[in-house]
Amino acid sequence: QKEVEQDPGPLSVPEGAIVSLNCTYSNSAFQYFMWYRQYSRKGPELLMYTYSSGNKEDGRFTAQVDKSSKYISLFIRDSQPSDSATYLCAMRGTYKYIFGTGTRLKVLA
Amino acid sequence: DSGVTQTPKHLITATGQRVTLRCSPRSGDLSVYWYQQSLDQGLQFLIQYYNGEERAKGNILERFSAQQFPDLHSELNLSSLELGDSALYFCASSVQGTGGVQTQETQYFGPGTRLLVL
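In order, the protein sequence lines correspond to chains A and B.
Just so you know, my numbering puts the end of the first sequence at 184, numbered straight through with nothing missing.
Just so you know, my numbering puts the end of the second sequence at 123, numbered straight through with nothing missing.
To be clear, the hints were calculated from the coordinates, so they are not data collected in a lab.
Predicted model only: the values in this text are computed from it and were never measured.
Each residue gets a CB set at the ideal place from its N, CA and C atoms; glycine is no exception.
Mixed in with the good hints, there may be bad ones.
One side only, chain A facing chain B, incomplete, derived with CB under 8 angstroms [to be verified]:
no.: 1; residue: Pro119
no.: 2; residue: Tyr146
no.: 3; residue: Lys171
Modelling step: build the complete structure from the supplied sequences, incorporating the hints.
Structure (structure tokens):
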């Protein structure tokens, strides 16, 4: 079993839709949870990070962490064609970073 | 622009050869991380250096090695290259890298080096 599981997609949604992206993980030692956005094989760009359980909002983006279920989510409101990219979840215990394989999102105009 | 630079952008070489990838971290960042990204494996952590010393090791092959120099730039050396080594290699940097508070651990990625082994 992989430490982090993420549906690769692709996920296609119409412009303006609410997008939900998810990851599950197996290691309860993970404390920090991040979401990165990666455009067409460029370097990943940090979108959100969260420590432990709870919600965090930044503009159109909301990150949720449920440590009891080992489940994290990223919600994108009012999605735009410019949001089309691959979204990677990432987690960290003490030193080790583990990335999901990424979900490819397409927002259709 | 994350402030992390990587050279070269593209590299084409043959099997059995050796290449060196270079990374300059953001100004003030002490940690450098190397990742390999291939189509079927996602982003794989290779190795981390903190202020010149190896801090953590991931799935790095014995044919690969890295170092961080006193000016904090880092090099990833790949030798005896195989077709399967073709991938994007990313470098990331963070302020710290000692397992501390998150704001100092946030990784910023460079644009990557695309390696093609023929």
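Here is how each hint holds up against the structure:
Taking 8 angstroms as the C-beta cut-off, the interface hint given for proline 119 (chain A) holds, the closest approach to chain B being about 5 angstroms. Because the beta carbon of tyrosine 146 (chain A) sits about 19 angstroms from the nearest beta carbon in chain B, more than 8 angstroms, this interface hint is broken. A hinted interface residue such as lysine 171 (chain A) counts as satisfied when its beta carbon comes closer than 8 angstroms to some beta carbon of chain B; here the least separation is about 6 angstroms, so the hint holds.
The structure is inconsistent with hint 2 alone, although it conforms to all the rest.
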